[in-house]
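A.B. asks: Next come the chains, spelled out residue by residue.
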Amino acid sequence: MKNLFRYLRSMRFGILLLILIAACSVAGTLIPQEREIAWYAENYPSAHGAILMLRLNRVFESWYFIALLVLLCLNLSLCSLLRIRTVVRTSRGETSRAAAMPDTVLLTPEGTKKLGAYLEDLHCRKESLGEAIVYRKHDLGRYGTFITHLSILLTVVFGALALYTPTVTDQSCMPGESILLEDGTEIRVLDFHITDETGRLDYRSHVQVTLSDGRQSGTAELSVNHPFSFGSYKLFQQSFGTAGSVTVTNLENGGTDDFLLTEQAYLSADGATGIYYETLYPDFIRDPSGNVTLITVTEGSYPNPIYQIEVISDGAFTPALAEPGDELELTGLRFTFNKPVEYPGIRIKHVSTLFNALLIASFAMMIVGLFITFFYEPVLVKTDSDGYAVGGPKPERMRIELGEEFREYERNMKEEAT
Amino acid sequence: MKALFFAAFALYGAAVILEFSGTAFKKDKLLKSAWYVFLAAFAVHLAFIVTRGIAAKRLPLSNQFEFANAFAWGVALMLIVMRPRLKTDWLSVVAMPATVLVMTYAALQPMEIHDLMPALRSAWFGVHIGSAVISYASFVIAGCIALRYLLSVRKGNPDERALAQMDYISYRMVAFGFLFLTVVILSGAIWAEQAWSAFWTWDPKEVWALITWIIYAVYLHLRLRMKRKGTAMAWFLVIAVPVVFFTFAGVNTLMHGLHTYG
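Protein chains in written order, with the numbering used here: chain A, 1 to 418; chain B, 1001 to 1262.
Careful, some of the hints might be misleading.
[Stated by the list, open to error] Mimicking DSS-like on lysine-lysine, the simulated pairs with C-alpha atoms at most 30 Å apart in a straight line are:
no. : chain 1 : residue 1 : chain 2 : residue 2
1   : A       : K113      : A       : K339
2   : B       : K1155     : B       : K1027
3   : A       : K137      : B       : K1229
4   : A       : K2        : B       : K1002
5   : B       : K1205     : A       : K137
6   : B       : K1227     : B       : K1032
7   : B       : K1205     : A       : K394
8   : B       : K1002     : B       : K1057
9   : B       : K1026     : B       : K1227
10  : B       : K1002     : B       : K1155
11  : A       : K394      : B       : K1057
12  : B       : K1057     : B       : K1155
13  : A       : K126      : A       : K114
14  : B       : K1155     : B       : K1205
15  : A       : K137      : A       : K339
If you're looking for bench data, these hints aren't it; they were derived computationally from the structure.
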């Protein structure tokens, strides 16, 4: 049991877990994720059984990947707790232990004098203990790895909470209309445009949110990279679309109906005569003889939209094209084809701002921890009249630095000795 | 404007030829010339980046060409910063060709200036991508130093002090790059939450950045806690460089995801 515990908190185990997580991640990027089962059968005819059995089609949600993350958290927790205990214990009485270190580098008297001045220039604190002088600085540096490991643990925990606790729904909404959520919250889309006045892609809308308790936001702007938060809801500009717009006028009584069309639809008063809306094309080219070539793809707003319809009359279907502004009269109805309407797809996320804030705090802690670990290394140098020794948890940097700086004083002394 | 890019490319290439010749024939004058030509290339390269930024009215980091171009410049900058500090020129012979290699990749990419797409118009753009440039450049330099270490060991009778310095400097470069790679991943997570509504989406680019992070985390643990040094760790760093290149270029070329911009 003791051995198992020792292994669980060991760095070897931590490294093994990291390697396994990396290996699973590689598999998760090489095999396309979350496709239909038939897709794997078609694309991996000989291996799809193994892929599905090992859940390589959903690596990042598989039990073994989650188990690896849980074990990593366990390893980090144990390692962090034990590390802080060791760090605190070893930092006690470190100066007196350093004073007792034997010199590892012997210097000339001039060298030792210069070394003292050099260390003072580095803003080291100076402490005399008998004949020895101990210089130290960056004591906080010894806590760097603890802070880093703890922050990684917190990042995994709060990251999981921030990723898996929110409820997310995607909804399209026409400008001027509202989305009503289950709890009574209403999101009203005031306007939306795909491109700005210069023709640059923009995807910007104005929205207004009314919460179930009656609180109402002001008019807020929503665009890519600029979500809008109100209450516990966060709204994102997620997608967009362009809907056909047709006004149907009853010629007898003058009544009108406006239709926004995002999919195929049949517009008719009696069921026998009317128009069948097929689709809307963003652009077209008409050659001199009047033939039209339809353009199916465009980026941004539709520059030259055209409706594809079927005119249905007396059981006959006649394909036709209509441009915005065109009108068509059919047995008592007038169909007016309007300028298409751009509409946003909004992602509505019910979030815990606390988890998000804690996650971002963990990020900041990780950066601070890594900075302290690598660039705020503790310095502990003991000097006396013969030379010096470098101690502390990370002596390598100082050993190299002092070795380079005082090499000539070492050499001179050796020459004197010979 | 393209002329500046190709002028820098040609000058870097010339610096490499001079550096190799100087090393092969042990001619100090050639080595010195190589260094001055390299500095000239760097200055021209900087001029290209500045003019492109002015022309595009944004940071020139938005597609594969611009990132590769900045990456090459970052490698050159690291070499220029490191060389006087190291008081040695053993780094140039491997870092100069690395710069040319990345420039070659950049030269093969489409160079047109495009308007920044809405998803990239964010305050995080510079932090996220700028950190990636620094991070990848540091890892490449660490790999170059490790390669130089292996070549020195292979040659026989290596200078132990120089080897210790190479080993230590390569570790420091990894530490520096690792800090910035962490900034890349974390700033990317915050940005992703704003743009795509989730901190993490297991997008191939995110996953490969994480894989790269894990690889260097393993290196740092082996180096710092297990006190592993020398040839094995040098091999580790050399082998890790292709992973960095795959994360940077391979993912965008071979895998489709949310980061497929350029």
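A.B. asks: Now tell me, hint by hint, if it's right for this structure.
C.D. replies: Structure-based check of all given hints:
no.	hint	in the structure
1	A/K113 x A/K339	violated, 86 Å
2	B/K1155 x B/K1027	holds, 19 Å
3	A/K137 x B/K1229	holds, 26 Å
4	A/K2 x B/K1002	violated, 66 Å
5	B/K1205 x A/K137	violated, 40 Å
6	B/K1227 x B/K1032	violated, 37 Å
7	B/K1205 x A/K394	violated, 34 Å
8	B/K1002 x B/K1057	holds, 17 Å
9	B/K1026 x B/K1227	violated, 36 Å
10	B/K1002 x B/K1155	violated, 41 Å
11	A/K394 x B/K1057	violated, 46 Å
12	B/K1057 x B/K1155	violated, 50 Å
13	A/K126 x A/K114	holds, 15 Å
14	B/K1155 x B/K1205	violated, 39 Å
15	A/K137 x A/K339	violated, 71 Å
In summary, the structure is inconsistent with hints 1, 4, 5, 6, 7, 9, 10, 11, 12, 14, 15 from the numbered list given earlier, while agreeing with the others.
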